[in-house]
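Enquirer: Residues per chain are reported as follows:
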Amino acid sequence: MELPQLAKAVEELKEEESIDLTKEAIKQGIDPLKIIEEGIVKGLKAVGDKFERREAFVPDLIIAGELGGKCIKLIEAVLPPEKKVVKKNKVVLGTIKGDVHNIGKNLVGTFLTINGFEVYDVGEDVDPMVFVDKAEDVGADIIGISCLFLPSFGLIGDVINVLKDLGIREKYKVIMGGNPTNPEMAENVGCDGWGRDATEAVKLAKRLLGL
Amino acid sequence: MVDIWEVSRRATTGQIAKEVDFEAKIFPAKMKEIVDEHKIKYNPEEIIPQDMSMVDEIFQAGMEFAMECGFYHKGTKRIVKFTESELKELIRTRPKEATFGRGHEKIKLRLRSPQDKTPPITIYGGAAPISEDIAIINQLSQAIEKTCQGLTPCSLLSAGGIEAKSGQPEEMWVQVMEALWHRDIARRAGKPGLFLTLPMSTQGVQAIMASFFPEGYTSWNALVPIHILQDMRLTWERMNLAYFALHNGIKPWTSTWPTMYAYCRGPEDVAVEAVASILGMLAYGNGNCGQGGTTRADGLSSTRDCLWANSAIHLAMERNLHFPWGSIHGGARSGPCQEVAWWELAAYVLTNVASGIDWMWAVGCGFGGAGEPAATGMEARWAGETARAVAGIDPRKANEILLEIVPKYENIITDLEKIPRGKGILETYDIKTLTPKKEYLDLYEKMRAEMEAIGIKYP
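For the protein sequence lines, the chains are A and B, in the order given.
Quick note: the first sequence uses the numbering used here, first residue 1, plus one each step.
Quick note: the second sequence uses the numbering used here, first residue 1, plus one each step.
Worth double-checking, as some hints may not be accurate.
Unchecked claim - No more than 27 Å apart at the CA atoms, straight line, and that leaves these computed lysine-lysine pairs for DSS-like: (1) Lys81(B) <-> Lys32(B); (2) Lys50(A) <-> Lys41(B); (3) Lys45(A) <-> Lys25(B); (4) Lys50(A) <-> Lys418(B); (5) Lys418(B) <-> Lys437(B); (6) Lys70(A) <-> Lys41(B); (7) Lys77(B) <-> Lys134(A); (8) Lys173(A) <-> Lys206(A); (9) Lys397(B) <-> Lys45(A); (10) Lys45(A) <-> Lys32(B); (11) Lys73(A) <-> Lys42(A); (12) Lys50(A) <-> Lys70(A); (13) Lys77(B) <-> Lys108(B); (14) Lys134(A) <-> Lys30(B); (15) Lys18(B) <-> Lys14(A); (16) Lys25(B) <-> Lys23(A); (17) Lys42(A) <-> Lys25(B); (18) Lys90(A) <-> Lys206(A); (19) Lys146(B) <-> Lys50(A).
Said to hold, decoys possible - Covered by chain A, according to a simulated footprint, are these stretches of chain B (three or more residues, beta-carbon under 8 Å): (20) 23–31; (21) 156–168; (22) 193–203; (23) 429–437.
The hints are simulated quantities; they were obtained by calculation from the structure and are not laboratory data.
In this text, all values refer to a predicted model and were calculated from it rather than measured experimentally.
We treat Cβ as the ideally placed atom computed from N, Cα and C, and that holds for glycine.
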């Protein structure tokens, strides 16, 4: 079994085959991190590239994200203890209260997952405090907020204010995006960054965490 | 006939599904199956579809999609479905006209066909977020245009210095102020009975309901937004608004706006989803008019794939639904008072008027984002006069002209570095007299001459 086969199966969203090939790779004693990087993540990135070329769409990205997660779980179960402590960067992601748009948020979540982040999607129409509570619960590195509806925009400032009032602002990088927003708005409200789209969001997250 | 109570019952008894399964498996699989089965195919060289049998297939496909995919209720995690006979009854019982406004500004939406020489009702304004400092003057510049038969409010970011915040009293305040200011704009324009379309600054149910009162929005000047969310999703909030409209004798704003290249793979899927969504809304909203359009996941609305989808939706509705149907535009990507913006608008107007729409909402330039210049009265003038110039055009001829217009801007609006930011009301108008400056009137005349050179005769 070769890892390009696994990458191809993931790219083609073949769940059963991807899982079988992952199990086979583990059985053959291939370095688990190599299976993730050269098999699963490579396949997921190929799905992301297809999306950019309009050969794949949001449902494909969602399926790919789920499939990748299942394969990675199999590998994590056999990782030696010293490798299990490798910290994965965590992002709490949601659409701010009053706004029910989810396409952009879902895309960002999937692209982050593909790029190795652990994403906690808190959904749409989310209260500022929920972002903070979830970030504290999971020990997040980043809070990502989507906003396509401007009356909701002010509530992003409330997320920042809650973090400040709790004395935990420095624990998190807060990033935002959404069609009617721009970098100046993000800066004015106190965010650490703004992304135009899912690809930019990934670059931003990596830059902010020094990856 | 199926109604809000029946939809509510089905929302609590329908098949339970995880949202992720609905959106990633049920929706795309059923869409692919239905689009393939009906052989619906986008042709970039035929922006206005000429094959009416395919157009009718789009409508049929939309009906099947509504029946077989159904609508996902986000609150109960259940799928609401309808039968063919229920949908056919909804279609059969639609009114053929709708009346809005009052006095001199009273308008009647009536059925047009693609080659109808009567132009559609023309409505401007709306959508773009705007600072309260310039909101009134900006909208007034549109309201005073001769062709303005309706005016949609812009989204106010604040009112009296109080910032709109979702779910809070501030949201209600801003929405109420929007209604009051909008009525005032109509009066100042000398059009007190103007159709004001729908509340725009907020999405909150309480805020929208609060904006309906005798001095603000009323049953004769506005509608209540009850949209199905993108990609076949229902919520209690929208259904509660539908009940509010029903209870108060206000008509529902029945509109559909699927995003292209997200859950929908392309223009074909968008057209099918648009038809299905409208049928779903009629079931719980009992609307007397509707409107639709699309935008791409990258925020563009004037590209040829979007224009094709718009045309396909309008033709499918015009031929099969037979109730007052209008177009919505996401707005030119270019900022206002620019050649690029006006070419984008010309393509939008030509596509939609030649596709038989009964009313046209021309946002102008809308999606540059907060802080960007908003559309002015010049965009309204351009859209309105162009609509009158192209009314009655043969769709085949319209398509030929579109193939000349669209290449003028399509490579510009897809390049972030090249998109003109545009100039807003303070730069383009003499504010004391609220008239456009000479530079922009000259630009207008130049654009008109170019349109005439490619075969459009202005009245």
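Enquirer: Find the hints from earlier in the document that the structure breaks and name them by number, from lowest to highest.
Expert: 6, 9, 13, 14, 19 and 23
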